[in-house]
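Student: Kindly produce the complete structure, drawing on both the sequences and the hints.
The listed protein sequences derive, respectively, from chains A and B.
For the first sequence, position 378 matches number 378 in my numbering, and the numbering has no gaps at all.
For the second sequence, position 164 matches number 698 in my numbering, and the numbering has no gaps at all.
Calculated directly from the structure, the hints in this document are not laboratory data.
Heads up, a few of these hints could be off.
Part of the chain A face toward chain B, derived, beta carbon under 7 Å [stated by the list, open to error]:
(1) S155
(2) S311
(3) R372
(4) E527
Beta-carbon label-pair distances, calculated as ranges [stated by the list, open to error]:
(5) A:A85 <-> B:E689: 35 to 45 Å
(6) B:E689 <-> A:G332: 41 to 51 Å
(7) A:P375 <-> B:I636: 32 to 42 Å
(8) A:P486 <-> B:A635: 20 to 30 Å
(9) A:Q382 <-> B:L670: 47 to 57 Å
(10) A:G332 <-> B:A714: 47 to 57 Å
(11) B:A635 <-> A:G455: 24 to 34 Å
(12) A:V268 <-> B:T595: 51 to 61 Å
If you're wondering where the values come from, they're calculated on a predicted model, not measured in any experiment.
Positions of the beta carbon are idealized from the N, C-alpha and C atoms, including for glycine.
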Amino acid sequence: MSSPQDPTLPQRPRPDLDPGTGWVRLSPWAALPTALSLLKPRVLATAAPGLVALTVVFGELLISGRWGVLGAVLIGTVVVLAATAVWALLWWQRFRYRVDPDGITVRSGILHRSEVRLGWDRVRNVDLSQAFYLRPVDRVTLVLEGTGGSEEVVSIPAVTRDIAEDVRRRAVAVPTVGEADPATDRDDADPAQAQEVMHQPSPGALLLHGAINGRAFALLLAGLGVLYSVLTPFVDEVDLVQDAADRLRAPGIDTIGGWLLVAVPVLVVISALLVAISAVAALVISWGYRLTLDRDRYVFSYGLVETHQRSLRTVKLQALTTVETAVGRLLGRAHVLVHKATSSTGDEGDEGDGSLLVPAMSRAEAAALVRRLDPAASPRPQLTAIARAFRRFWMQRLAALELAVLAAALLAAWWLDGDDTITFVVVAVLAALAMVVTPVLVAVTWRNWGWALDGSVLFITSGLLGRRHEVFRLDRVQHVAVTRSPYQRRNGLADLKLALPDGERAIPFLDHATAVLLADRALIEVETAAHLEL
Amino acid sequence: MNGSMHPTPPSVDGFRNQQLDLTALPDHEDVVLEPVARGYVTYSLVLWGLLVSLPVVIGATVVALLTVELPLALAIIGAALVLAAAMTGYGYLDARVFGWAIREHDLITRAGVLWRSTTVVPLVRVQHVELSSGPLERAFGTARLQVFTAGSGGEDLVIYGLEPTQAERLRSHLRRRIDAELEQQVTGVPEVRDV
Chain A
1 MSSPQDPTLP
11 QRPRPDLDPG
21 TGWVRLSPWA
31 ALPTALSLLK
41 PRVLATAAPG
51 LVALTVVFGE
61 LLISGRWGVL
71 GAVLIGTVVV
81 LAATAVWALL
91 WWQRFRYRVD
101 PDGITVRSGI
111 LHRSEVRLGW
121 DRVRNVDLSQ
131 AFYLRPVDRV
141 TLVLEGTGGS
151 EEVVSIPAVT
161 RDIAEDVRRR
171 AVAVPTVGEA
181 DPATDRDDAD
191 PAQAQEVMHQ
201 PSPGALLLHG
211 AINGRAFALL
221 LAGLGVLYSV
231 LTPFVDEVDL
241 VQDAADRLRA
251 PGIDTIGGWL
261 LVAVPVLVVI
271 SALLVAISAV
281 AALVISWGYR
291 LTLDRDRYVF
301 SYGLVETHQR
311 SLRTVKLQAL
321 TTVETAVGRL
331 LGRAHVLVHK
341 ATSSTGDEGD
351 EGDGSLLVPA
361 MSRAEAAALV
371 RRLDPAASPR
381 PQLTAIARAF
391 RRFWMQRLAA
401 LELAVLAAAL
411 LAAWWLDGDD
421 TITFVVVAVL
431 AALAMVVTPV
441 LVAVTWRNWG
451 WALDGSVLFI
461 TSGLLGRRHE
471 VFRLDRVQHV
481 AVTRSPYQRR
491 NGLADLKLAL
501 PDGERAIPFL
511 DHATAVLLAD
521 RALIEVETAA
531 HLEL
Chain B
535 MNGSMHPTPP
545 SVDGFRNQQL
555 DLTALPDHED
565 VVLEPVARGY
575 VTYSLVLWGL
585 LVSLPVVIGA
595 TVVALLTVEL
605 PLALAIIGAA
615 LVLAAAMTGY
625 GYLDARVFGW
635 AIREHDLITR
645 AGVLWRSTTV
655 VPLVRVQHVE
665 LSSGPLERAF
675 GTARLQVFTA
685 GSGGEDLVIY
695 GLEPTQAERL
705 RSHLRRRIDA
715 ELEQQVTGVP
725 EVRDV
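Tutor: Next up, the structure:
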C-alpha cells in the first residue's frame with residue numbers, strides 16, 4: 001500500500017500491488033459499495049425511473065398482453081442492475097491509490113479520469129464506515145477530507161481495517177496547515193483525557209426522534225410520485241384497480257359520510273405506517289449513537305446496517321444549529337447540527353450539507369450541548385426582530401397573487417359553464433382560504449425571525465411552526481453580502497448574507513444601516529482573527 | 535483597519551486594548567468603486583443585444599408570420615422588439631452599475647440593476663483566484679477574475695470587465711496575499727494589523 005522507501009509498513013508480498021510503482025488496486029469487494037452507492041435513492045429518483053419507463057414503453061410495444069407490463073418492468077430492472085454492475089466493475093478496475101510518507105494519491109474515473117493528491121498536512125477529517133455486507137470480511141470505507149473543500153475528498157472503499165487505521169494514524173500525526181500543535185492527536189497523548197461521552201440517546205429517544213422528524217415521508221412521497229408517473233398509463237389495464245373502484249362505488253359508501261368512513265381510517269393507517277417507518281429508519285441509521293470528546297476531537301459513532309465513525313477536530317467546528325420541528329416543539333424535543341466546512345461526503349448522519357447530526361434530545365439537553373460545544377454561544381441573548389416591512393411586503397404580494405388566482409378561477413368557471421366548472425370552483429375556494437390563512441402564517445414567520453450579536457457571536461432564529469436556532473462566531477465568515485431589492489431600497493432596508501465554510505446564513509429585512517454595520521463588524525472580526533481552521 | 539477609538543489611559547509596555555467605537559468602523563459602503571473597462575460595456579451590449587435579443591426577435595418574427603394574421607403578427611413582432619430593447623437596456627445598465635474596489639484587507643463588488651448586491655470578501659479568506667475570458671470578452675479586451683474561499687461550491691466573488699493588464703496585476707497581488715497568508719500559517723508568525 002505504500003512506496004517501497006517507507007520503512008514503517010510491513011514488507012510482505014502484496015498481490016494487489018502494481019510492481020515497482022507503489023500503486024495499489026482495490027479488493028474486488030470495493031465494487032459492491034460502489035454499485036450500491038450508484039443505486040442510492042437520489043440516483044433512483046432521476047436516472048433509473050427514466051430508464052425503467054423507457055423500457056416499459058418499449059416492452060409494452062414488443063410484448064402484448066397483461067403480463068407485458070410486469071415483464072417489461074423486470075427487463076428494465078435487469079438492465080439497470082446490469083448497467084450498474086458493469087459501471088462499478090469498470091470503476092473498480094480503474095481505481096488505484098498510493099500511500100507515500102507525505103500523503104496519499106488516488107487515480108480514478110471511467111470516462112473522466114482524475115488524480116487527487118492529498119498531503120497529510122491538508123487532511124481535515126478522517127472518517128471510517130463499515131457496511132453490514134463488508135463486516136464478515138472486515139473491510140471499511142475510508143474517507144479523507146482535505147482543507148480545499150469538496151474538490152479534496154478522497155474515498156477508498158473496502159480497504160482492510162489495518163490499512164485504514166494506518167492511514168488515519170499518518171493523517172492525524174501531521175498537523176494540518178496552520179494548526180497550532182498536533183501533539184494531542186498522537187498516540188502518545190495522555191490516555192487519561194480520552195473519551196468523554198457528550199451524548200448517548202436511548203433507543204426509545206431515537207425512535208421518537210425518527211417519528212417526529214419524518215424523513216421517510218419525503219422519501220415515500222417521492223417514491224410514490226415516481227411510481228405513479230411510471231404506472232399511470234397502464235393502470236386502466238389492471239383489474240385490481242377497477243375492482244377496488246367498483247367496491248368503493250358500492251351501496252353504503254356513495255355518500256360523503258361513507259367516503260369519510262373509508263378515507264379517514266385509510267389516511268390514519270398510512271400516516272401511522274409512515275411515522276413507524278421513519279422511527280425505525282432513524283433507529284437503524286443512528287443505532288448505538290454516541291458523541292464523545294476524544295482529546296481535541298469530537299467523535300460521532302452510529303449505525304446498525306452501516307456503522308460510522310466520523311471525527312471533527314474541536315477547532316474546526318464552524319457553526320451550530322438547534323432544530324425544533326413543529327411536532328418536536330409540542331413534545332419539547334430537538335436535535336443539533338454540528339457544522340463543519342462543506343464536503344461532498346454527505347450520508348445518513350448529516351443533513352446533506354456536510355453537517356453532523358446529534359439526534360434525540362430534550363430542549364434543555366440541546367441547549368446544554370450547544371453550551372459545551374461552544375461556550376461563547378451561551379446563554380442565548382434577547383433577540384431583535386426584523387423590520388415590520390417583512391410582514392407588509394409578503395402579505396401584499398401573496399394577497400395579490402391569491403387574488404389573481406381567485407379571479408382567474410372564477411372567470412374560468414363562468415366561461416366554461418359545464419362539467420369542468422367544479423375544478424375551478426375548488427381552486428377559487430382554495431385561493432379564498434389562502435387569502436385568510438397566509439397573513440397569519442406571514443405574521444407568525446415574521447415574529448419568529450430574530451437575531452442578536454453577543455460579542456463576536458451571532459445568533460439567528462427563524463421558523464414557521466418549528467424553529468431553527470443558528471449560532472456562529474463572526475470570524476468564521478468567508479464573505480458578506482448586503483442585497484437590496486427595489487422595495488427594500490425605497491424603504492431603507494436590506495438583506496444580510498453571511499457565507500460560512502458550510503453554507504450561507506441570512507437575515508432578511510434589516511434596517512440598511514444595521515445590515516451594513518453587521519457586515520462591517522463581521523469583516524473586522526475576520527480580518528483581525530487568527531488563522532481559521534477548516 | 536483604521537477604526538477610531540475612544541480616548542483611553544496610556545498603554546503598558548506597548549499593549550493596548552481600547553474600546554472600539556462601532557459607529558466609526560470602516561464602512562464598506564463608503565468605498566469609491568472602479569467602473570468596468572469601456573470594452574465591457576460594449577461587450578454587454580453585444581451579448582444582450584445580439585446574442586440574446588436577436589434570436590428572440592427572429593424566432594418571434596418567423597413564428598408570427600407563419601401562424602397568424604398580419605396585424606397580430608405585427609403586434610407580436612412589435613412586442614418582441616420591445617422585449618429585445620428592454621434586454622439590451624438591461625445589459626447596458628448591468629455593465630454600468632457594476633463596480634469593484636480593493637482595500638487593504640478585502641475585495642468589494644457592487645452589482646445588480648434591480649436587486650443590488652454589495653459583496654465583500656476578506657483577503658485572508660481567499661483560497662485561490664482564477665483569471666478567465668471567453669472569446670467575446672477577449673474580442674472586446676476584457677477579462678474576469680473569480681475569487682474562491684473555502685467551503686463554497688462556486689466562486690464567492692467575480693470581477694467582470696477588467697482590462698487584461700489590470701486583471702493580471704490584481705491577480706498577482708491576490709496571489710502574493712495568499713502566499714503570505716500560507717507562509718504565516720506555516721511559520722506561525724502572527725501578522726500585526728492596526729485596528
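Student: So which of the earlier hints does this model not fit?
Tutor: When the structure is compared with the hints, numbers 1, 2, 3 turn out to be violated.
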